[in-house]
Amino acid sequence: MKKHFSILPTLILLCLAIGLDIGFKYDLKHSGTGFTEEIQDGESLGQDIISFIFVQVRVVITLLIWYMTYEISPALGMEIIIVWIMSRIFTDIAKLLYADPRPYWYDDDIEAKECNFDWGNPSGHTLGICTVLIYAAYKLKNLGIWKYPVVGVYILYVGYIRVYFGEHFYSQVVLALFFAVFIINVVIVYEKELGDYVSSLNTSKPVIILHLACTGIYTLGAFILLVRFPGWGEDWTDNIDDECDQDIDEWDAALETLAGLGAIFYACGASLGYYCLNQYHLDLWYNVRSSKKSLGRLGLLILGILITHFFFFIFIYGTYQVLALFIIIYFEYVNGFLFMFIIPYISEKLKLNKEPEERPILNQN
Numbered sequence: 152m153k154k155h156f157s158i159l160p161t162l163i164l165l166c167l168a169i170g171l172d173i174g175f176k177y178d179l180k181h182s183g184t185g186f187t188e189e190i191q192d193g194e195s196l197g198q199d200i201i202s203f204i205f206v207q208v209r210v211v212i213t214l215l216i217w218y219m220t221y222e223i224s225p226a227l228g229m230e231i232i233i234v235w236i237m238s239r240i241f242t243d244i245a246k247l248l249y250a251d252p253r254p255y256w257y258d259d260d261i262e263a264k265e266c267n268f269d270w271g272n273p274s275g276h277t278l279g280i281c282t283v284l285i286y287a288a289y290k291l292k293n294l295g296i297w298k299y300p301v302v303g304v305y306i307l308y309v310g311y312i313r314v315y316f317g318e319h320f321y322s323q324v325v326l327a328l329f330f331a332v333f334i335i336n337v338v339i340v341y342e343k344e345l346g347d348y349v350s351s352l353n354t355s356k357p358v359i360i361l362h363l364a365c366t367g368i369y370t371l372g373a374f375i376l377l378v379r380f381p382g383w384g385e386d387w388t389d390n391i392d393d394e395c396d397q398d399i400d401e402w403d404a405a406l407e408t409l410a411g412l413g414a415i416f417y418a419c420g421a422s423l424g425y426y427c428l429n430q431y432h433l434d435l436w437y438n439v440r441s442s443k444k445s446l447g448r449l450g451l452l453i454l455g456i457l458i459t460h461f462f463f464f465i466f467i468y469g470t471y472q473v474l475a476l477f478i479i480i481y482f483e484y485v486n487g488f489l490f491m492f493i494i495p496y497i498s499e500k501l502k503l504n505k506e507p508e509e510r511p512i513l514n515q516n
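The sequence shown maps to residues 152 to 516 in this note's numbering.
Keep in mind that the hints were calculated from the coordinates and are not lab data.
There could be a bad hint or two in this list.
Said to hold, decoys possible - Computed list of lysine-lysine pairs in BS3-like fashion (alpha-carbon distance at most 30 Å, straight line):
#1 Lys-292 with Lys-343
#2 Lys-356 with Lys-298
#3 Lys-356 with Lys-290
#4 Lys-343 with Lys-290
#5 Lys-356 with Lys-343
Keep in mind it's a predicted model, so treat the numbers as computed, not measured.
Starting from the given sequences, assemble the full structure and let the hints guide the process.
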């Protein structure tokens, strides 16, 4: 009873977010246009460079997972991955259902102020970073109270950048904040169950079930796309101001949305890596974090992987998008397995680490 009652405040926030969504859509359609334009008029090269680096969700989340996994325990890193995937499912299913256009679906250089969009679906970058960073701050109790202001400032920065690049109105960022708080509260309420579930991944059955669940969710996303697609062009036209004269490539936009949902397979690869780590009783995690030199080399390796993936995605997007859906799933899966198993395995084989002083407990939270 206590659990359900503790979720009540967040359910109220969720209802408020939905109410605001309806209100902005039908009564305050152009809200935020002036604010968005003012932000975008302050454009500068330096801000562009800094923004591009620090707003990339994958980089931020990957480094966070890397830190928590190596410095604390693989179990906690796996928790963060699951929480992140929850936020991805939430925002990507919302994108598939809303059929609400975004500026970059028209033109990579278009600014939001050139077209007046309504409230819209939540900002995926904001939702992902909010959910993961706040939960990580909650779990890293030894860092002190100062971690919350730091996380808060960073979240505000990410929201600002999403508006600055012209990909969202501020209303979409606010909506993402509401949904993030809802997800975080649910996760914290069921924190023990989440920890028990992660611990159960040292056996094959939960790992197989997770694979089937992610496949089912992705199939659901594809089904939603097929059902909604015939009406997307009309819906998008209705959601665009008459003064905005832009061509819509409905198919490209639809496939890009479905491709984003493919990130959930990162959790599948990570769960398999976590299973292997426990199944073969490897003391690799302790070895990796026992050497600063090794951490530096691994950091360069991870950075190289991220950069390689970035340019690879640039190459495949807009050209072979159907094939890209399958390629993205493959790389998400490989990435998850890589960070949870392959990297420490390579590190051990290359003799980059010191011998462990004692055996760590892999399943501790």
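Hint-by-hint comparison with the structure:
no. : hint                 : verdict
1   : Lys-292 with Lys-343 : holds (16 Å)
2   : Lys-356 with Lys-298 : violated (37 Å)
3   : Lys-356 with Lys-290 : holds (27 Å)
4   : Lys-343 with Lys-290 : holds (12 Å)
5   : Lys-356 with Lys-343 : holds (20 Å)
Going through the hint list in order, the structure does not satisfy hint 2, though it satisfies all others.
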